[in-house]
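Chemist: Spelled out, the chains give:
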Amino acid sequence: MNLNALRAFVVKELHHILRDRQTLTVLLMMPLVQVILFGYALRSDVRDIRMAIVDPTPDNATLELQSRFLSTMRFRIVATGQSTDIIEPLFRRDKADVALVFDPDFASHLRGTEPARLLIAIDASDPNTGTTYLNYTRAVIQAYQAELSAGSNQVRIVTETRMRFNPTLESVNLFVPGLIALVLVLVSALMTAISLSREKERGTMEVLLVSPLRPQQIIVGKVLPYLVLAFANVLTALLAAWAVFHVPFRGSVVLLLLESILYTLVSLALGVLVAAKTASQRAAMLTAMLATMLPNALLSGMIFPIASMPRWLLPVTYVVPARWFIVIARGIMLKGVGLGILWRETLVLSAMALLLLVAAMRSFKPRME
Amino acid sequence: MTAAAQINGFAIDAQNLTRRFGSFIAVDHITFDVKTGEVFGFLGANGAGKTTAIKMLVGLLAPSEGVAHVAGFDVHSQREQIRRNIGYMSQRFSLYADLTVRENIRLYGGIYGLPPAHIEERTKLMLDTLGLATNADDLVGKLPLGWKQKLAFSVALLHEPKIVFLDEPTGGVDPITRRQFWELIYAAAARGTTVFVTTHYMDEAEYCDRISIMVDGKIAALGTPTELKERFGADSVDDVFVRLARGAKKGEAA
Amino acid sequence: MSNAVELRSLSKSFEKVKALDDVSFDVAEGELFGLVGPDGAGKTTLFRILTTLLVPDKGSATVCGLDVVKDLWAIRSRVGYMPGGFALYPDLSVAENLEFFAAVFGTTVEKGYELIAPIYRQIEPFKDRRAEALSGGMKQKLALSCALVHRPDILLLDEPTTGVDAVSRREFWDQLGNLKASGLTIVVSTPYMDEALRCDRVALIHSGKILEIDPPGAVGRRYPLPLLSVTGGERFELLRALREFPEAHAVYLFGDELHYTDKRAEVSAQAIAAEVQEYLAQRGHTDAQVAPISAGIEDSFMELMGGAPPPTAAAA
Chain G
666 MNLNALRAFV
676 VKELHHILRD
686 RQTLTVLLMM
696 PLVQVILFGY
706 ALRSDVRDIR
716 MAIVDPTPDN
726 ATLELQSRFL
736 STMRFRIVAT
746 GQSTDIIEPL
756 FRRDKADVAL
766 VFDPDFASHL
776 RGTEPARLLI
786 AIDASDPNTG
796 TTYLNYTRAV
806 IQAYQAELSA
816 GSNQVRIVTE
826 TRMRFNPTLE
836 SVNLFVPGLI
846 ALVLVLVSAL
856 MTAISLSREK
866 ERGTMEVLLV
876 SPLRPQQIIV
886 GKVLPYLVLA
896 FANVLTALLA
906 AWAVFHVPFR
916 GSVVLLLLES
926 ILYTLVSLAL
936 GVLVAAKTAS
946 QRAAMLTAML
956 ATMLPNALLS
966 GMIFPIASMP
976 RWLLPVTYVV
986 PARWFIVIAR
996 GIMLKGVGLG
1006 ILWRETLVLS
1016 AMALLLLVAA
1026 MRSFKPRME
Chain W
2 MTAAAQINGF
12 AIDAQNLTRR
22 FGSFIAVDHI
32 TFDVKTGEVF
42 GFLGANGAGK
52 TTAIKMLVGL
62 LAPSEGVAHV
72 AGFDVHSQRE
82 QIRRNIGYMS
92 QRFSLYADLT
102 VRENIRLYGG
112 IYGLPPAHIE
122 ERTKLMLDTL
132 GLATNADDLV
142 GKLPLGWKQK
152 LAFSVALLHE
162 PKIVFLDEPT
172 GGVDPITRRQ
182 FWELIYAAAA
192 RGTTVFVTTH
202 YMDEAEYCDR
212 ISIMVDGKIA
222 ALGTPTELKE
232 RFGADSVDDV
242 FVRLARGAKK
252 GEAA
Chain R
513 MSNAVELRSL
523 SKSFEKVKAL
533 DDVSFDVAEG
543 ELFGLVGPDG
553 AGKTTLFRIL
563 TTLLVPDKGS
573 ATVCGLDVVK
583 DLWAIRSRVG
593 YMPGGFALYP
603 DLSVAENLEF
613 FAAVFGTTVE
623 KGYELIAPIY
633 RQIEPFKDRR
643 AEALSGGMKQ
653 KLALSCALVH
663 RPDILLLDEP
673 TTGVDAVSRR
683 EFWDQLGNLK
693 ASGLTIVVST
703 PYMDEALRCD
713 RVALIHSGKI
723 LEIDPPGAVG
733 RRYPLPLLSV
743 TGGERFELLR
753 ALREFPEAHA
763 VYLFGDELHY
773 TDKRAEVSAQ
783 AIAAEVQEYL
793 AQRGHTDAQV
803 APISAGIEDS
813 FMELMGGAPP
823 PTAAAA
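Residue numbers (my numbering), protein chains in the order written: chain G, 666 to 1034; chain W, 2 to 255; chain R, 513 to 828.
No lab work stands behind these hints, which were simulated from the structure alone.
Treat the numbers as computed from the prediction; the structure is a model and nothing was measured.
There could be a bad hint or two in this list.
Under the rule of at most 25 Å between Cα atoms (straight-line distance), these lysine-lysine pairs were calculated in the DSS-like manner [said to hold, decoys possible]:
(1) R:K639 x W:K149
(2) G:K942 x G:K865
(3) G:K1030 x R:K530
(4) W:K219 x W:K36
(5) R:K582 x R:K570
(6) R:K570 x G:K1030
(7) W:K143 x R:K582
(8) G:K865 x R:K528
(9) W:K56 x W:K230
(10) R:K530 x G:K865
(11) G:K1000 x G:K865
(12) W:K149 x R:K582
(13) G:K1030 x R:K582
(14) R:K582 x R:K623
(15) G:K1030 x R:K721
(16) G:K942 x W:K143
(17) W:K56 x W:K149
(18) G:K1030 x G:K942
(19) W:K143 x R:K639
(20) W:K149 x R:K721
(21) W:K230 x W:K219
(22) R:K721 x R:K570
(23) R:K530 x R:K570
(24) R:K623 x W:K143
(25) R:K623 x R:K639
(26) R:K639 x G:K942
What follows is a set of in silico ranges between Cβ atoms, one per label pair, in the way DEER data are often shown [to be verified]:
(27) G:L923 x R:D533: 53 to 59 Å
(28) G:A804 x W:L108: 40 to 46 Å
(29) G:L689 x R:S589: 31 to 37 Å
(30) G:V909 x R:S589: 50 to 56 Å
(31) R:F526 x G:R915: 55 to 61 Å
(32) R:S589 x W:E104: 45 to 51 Å
(33) G:D759 x W:D99: 38 to 44 Å
Glycine residues also receive a C-beta, built at the ideal position from the N, C-alpha and C atoms.
Using the sequences and the accompanying hints, generate a full structural model.
Modeler: Given below as C-alpha cells:
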C-alpha cells in the first residue's frame, strides 16, 4: 500500500479518536472500571452451604462450633467423620462445598493457652462462590472466638485454608483474562464497525471508494489505529488487575501481548464484517454488540464455566474467539505456561483471524452495491 | 384577521434583539416587526445569524439583550405560550419517516392536545386538500419529497397556530411543487396565519409581502421586494441580496 | 473533439423505482455540462454510475473513454468527485481534510496547490478551524479543493450549491467558469434552475428521464405555447382569476410576476395578451399588466415535467 496514504489514514483516524474526548475517556477508562467492578461485584451470595465435618475427638467445644454453623441457617452439615479421608469423595461427587477439619487437640487447646487449630477446605472450582464460602465460614468462627474471648481467658483459634481445585485462585484472577477479551472486542469490533459506518453516513466513504485506493487498503488504514488503542487497553487492564487486586503474572508478558494482538485482529475483522452488512451507525453498533460482546461475555467461560453449560451449547462455544483467548490468557498469566501448552488454542485463533480477515476484505466491495 | 390577542396587530415585534456566544455577536440588536397575516421573508447568507434569530423567536434560545413578542407573548418569560401558538417546519426533520401519514398527523395532533374527534376531522380535510387520501397509510419516508414538504406544512398548521415558521421549506423540490407549496402559504396567509419563511431561492423572496436581509447579525435591509429593488436600483431581489451580502466577511470568519 | 462522457441508453432501477430510464447524452471535453432537476430526479444515481460506484442495469457509459464497469480503477484515478452534502470530516480541520484527501489520491497538497489555489486561498486563513465550524459556502470551497487536489481530468459535482446562500453560489459558479477555462471538463448537477444559465449545455432531468438537452439559451426556444407575463395587484387573487380563464393551460407564480401559458398555439401571443388583459379587467384587475415573453429554463422545465402533451400542430 501507498505508505503516504496509510500514514494519512492513521493520522486522520487518530484525530477522530483523540478529538472525541467523551468516547475516548470511556474507552480508556473502561478496562479500569470493568476490572474493579467485576472484581468486587461478581462475588455472588450463597445460601445452603453444604458442610462436611471432620472431628477426630468430638467434644462440647467442637459440637458448640458446629451448632453455630447450623444456627446461621446458611450452612447444612451433610457428613460427619473422624478422618479427612471422607472429604475427597464428597468434593469429587459434588456433595459438599466446605469441609471443616478440627485438630485432634482443638478442644483442649481452646481451654489452654496454645492456639486451637482448624482447617477449612473449600471447593473452589468456581472461584467466586469459593471465596464466598470461605468468608462465611470465617465469619462464623470469628464470632465464636470473639464470644469466648469476652470471658476470662484469651482464646486463639488459628484457621488454615485449603482452596481445593483452585489453590490460590481468587475470582479476580480468573476474570482479568476474560475482561481483557471483553474490552478488546468492545474497542476493536464495536469501534471499527461504528467508525466505518460513520464514513458511510457522512458520505466520505463515497469519496474514498472513488479514490484509487483498494478497499483492502481502506480497511487497513481504518483498522490500524484501533489496534493501537486496543493495545493500550490491554496494558491498562493488566495494570489495574496487578495494582488493585494483586493478580499474579507468572508467564511471558510478550507472549500475552502477541496473543492479544492476534485476538484483536479477529475482533477488528468482525467489526469490519458488521459494518459491511449494516446500513446505519446504530444498526452497526447494535449488531456488533449482539454478535461480538454478548457471546464473548457469556459463552467464553468468562462468567459461566464452559463445563457447566448444556451439552448442545458446547459446539457453539468453539466458534467464540474469546473462549480460546481466555484459555490462553489464563494459562500465561496464572499458570505461567507458554506456547508449548497453548499452541492448539493459538492455532485456532490464528485460523479464525485469517478466515475473518479474508471474509472482511471480501465483504468490502469496491462499489456501493 | 385574528389580531385580537396580538399587540398592535403585530404577530412578531422585536426590538434590539441580541444574542452573544462568548465574544461573538451572532445577532446584533435587530429591530423589526411582522404584521398579522403577512408573509415575511427572512433572508441572509449562511452564518449571518438567521438561525440564531429564529431560535430566539420560537423560544429555543434566550436572548442576551433586547425584547421581542411573538403572537403577543414575551420571548423571555412566556416561552410555553409561544410554543403553543406557533407552528414550525424545518427543511428535514419535521415528520417521522417511519410513521405513516395518518400516524404523523395523529401524533402532532396529540402533541398539541387536540381532541381525537377534531384530529380525525382535520386529518380527513387535510388529506383531501393535499390529494393524499389514498396514501394515508403509506410511510412518510416513502413519499416524494414535494409531498412530504406539503404534508409537513399542513401538519405545522394542524393546531391552527397564529404564526408559522418555515425554515427553507422548498429546498430541492421541483419547480411545480415549489409553486404549489407557495400557493398553500398564500392560502394560509389569507386565513389570517402569519408566515415567517426563510429560503435560498431568490425568486421565492419575491413572493413575500415583505423581506428582511440579514448581514453579519444585523438587518441590512427591510421592506417590500419592490421597495428594496428600487432602493438599490436592482433588477431582482437576488441582486439586492448579493450586493448586501458580498461585503460581509464577518459571517465567514465566525 | 472527443467526448469526456458518453452515455448510451443508461437505465438503473432500485427495487421498483426507475432511477434512470434510458438516458443517453455526450459531454464534450472541456465542456461545463449541467444536470438540472429536483431531488429524486436521478442525478445522484447518474453520478454514481459515472464514478463507478454503481453498475447500470442496462446501457453503457464511458468516462474519459474508459468503460465505467470494466475500467473501474483507471477511471477512479482520473475523476474528481464531490458527492452531495460535502463529504468532509467535521472533526478534522480544513488543512487536515485537504491533506488527507490529497494523500488518499496519492498526491500532496503542494503538488495540487496551483490548481486549487484560487479556491483554497479564500479559506486558507481558517485552515486550523474544524470543518464542522465552517459556513456552507466555506464547506463547499473546501470540498471542491479536496476534489481537485489530485488534478483530475474531469470534475463530477453532485449538487454542490445545495444549502449554500446566493452569494456563495455565484462565487462558486465563477470558480467553475475559471476551471473550465483551464480546460477541465465539468459535469455539475443542481436543483436551482437559474444556475443552468452558467453551463455550456444543460440536461433537464426529471423522474429518471432526460426531458431536454440544449444550451441554456436555446431551452426556452422550444417552448410550445404562447407565454405571457402578468403583474400588478393582489398576486394570489390574480392567480386564481387567471386559472379560471377558459383558455389557460398553466399559470404559475414566477418571482414578482405570474407566468400564464395559453392552450392555443396557433394564436399570436400579442392577441392573447390583449384578450387576457380584457378578461382581467372584467374581473376587476384593472391595473394588471400583461405582456408576451419568451420562455426560460424553468418555464420549459415545468412544461416538460407537467406532461401536458404539446399540440402537434404548430410547435414553432
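Chemist: Tell me the hint numbers this structure goes against, listed in increasing order.
Modeler: Per hint list: 1, 7, 9, 11, 12, 14, 15, 19, 24, 26, 28 and 33 violated.
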